[in-house]
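As numbered in my numbering, the sequence shown has no gaps in its residue numbers, which increase by one up to the final residue, 353.
Hint data in this document are derived by calculation from the structure and do not stem from the laboratory. Note that CB positions come from ideal geometry on N, CA and C, so glycine has one too. Check before you lean on any hint, since a few could be wrong.
Quick list of the computed label-pair ranges, beta carbon to beta carbon [unchecked claim]: (1) 142 to 178: 12 to 20 Å; (2) 242 to 263: 44 to 52 Å; (3) 186 to 89: 15 to 23 Å; (4) 211 to 268: 15 to 23 Å; (5) 125 to 223: 52 to 60 Å.
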Amino acid sequence: MRRLSRLGFIFLAFYLVFIGGSVYFVFFFPIRVFHHIFITLLLGLWFISRIRNGGLPSTALNYPLYAAIIVWILTGVTSSVPRLAFENMWLPIVHAVFFFAIADLFQRGRQRMVFDAIFILSALVIFITGLEIASWWFGLGITPNTQIGWSQIPLAPPSLPRVSLAMSVSTLLAGFTAPLITLALGWSLTTHRGDYRLALRLLGALLLIVLLMTNSRGGILSATAAIGTFLAIRLAQHPQVKQRIKPQFILTGVVLAIFTIIGFLLWNTLRAPLRSGDV
75 MRRLSRLGFI FLAFYLVFIG GSVYFVFFFP IRVFHHIFIT LLLGLWFISR
125 IRNGGLPSTA LNYPLYAAII VWILTGVTSS VPRLAFENMW LPIVHAVFFF
175 AIADLFQRGR QRMVFDAIFI LSALVIFITG LEIASWWFGL GITPNTQIGW
225 SQIPLAPPSL PRVSLAMSVS TLLAGFTAPL ITLALGWSLT THRGDYRLAL
275 RLLGALLLIV LLMTNSRGGI LSATAAIGTF LAIRLAQHPQ VKQRIKPQFI
325 LTGVVLAIFT IIGFLLWNTL RAPLRSGDV
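Build the full structure now, drawing on both the sequences and the hints.
Printed below as a string of structure tokens:
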């Protein structure tokens with residue numbers, strides 16, 4: 075039974091990342107209808123089950139999420155077009171319920187199932203992106219305009235491709251990989267097995283390469299802020315650093331560095347001409 079639930083969770087995660095939560099949800103009406111019905115029924119059944127068995131899991135974000143949902147409902151009721159307001163409200167409420175569902179799995183000791191799904195989906199994204207790069211270099215024809223590869227041309231390519239095959243849109247791919255880089259890094263520091271540690275660091279490095287090749291400024295900026303904050307917290311917890319430097323000085327330095335990077339990226343963005351799809 076546990077094996078079946080693990081496989082079911084992995085297939086659900088695959089569906090959410092590559093079908094229901096992808097660009098197909100936006101452009102294909104039948105997928106959008108099916109996704110609304112399927113996810114509403116799934117989370118509705120989970121919600122009813124949790125209410126009957128002790129309520130929602132207790133986390134530090136319970137009350138902020140409750141407050142946010144109340145605000146969303148009030149804005150929907152008072153909206154000039156309530157139908158559109160409630161339709162657009164569905165997605166953030168679903169995300170809030172998913173948060174509670176994942177928290178429930180962690181509190182019941184099922185976090186390994188969540189991490190396994192994340193690892194498998196990340197590896198699949200890396201594999202698909204590898205095929206996209208191979209098609210561009212060797213001329214495999216997997217993506218448009220790659221019938222002839224750069225390996226067959228006696229010239230260096232003027233630029234690297236902007237990868238997007240795994241999720242059809244490069245910014246969606248960047249949004250998927252950016253938080254997982256920090257997660258893989260933190261996961262590698264908590265595991266006690268050397269082979270797991272190596273695999274997770276390799277996963278994080280490959281995800282970073284994928285992120286950089288999306289050429290998404292927003293994705294790169296979010297990853298930079300997350301990794302910088304994570305490393306600062308780890309550095310501030312080191313015993314030798316605590317003796318020599320006060321933790322607040324480290325955090326202040328990281329904040330200044332992040333704002334410097336943000337300023338540099340904004341400056342480049344304002345200088346460069348705006349193109350459709352640049353985020």
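message = Going through the numbered hints above, which ones does this structure break? Give me the numbers in ascending order.
response = Numbers 2, 4 - these are the hints that the structure violates, sorted from lowest upward.
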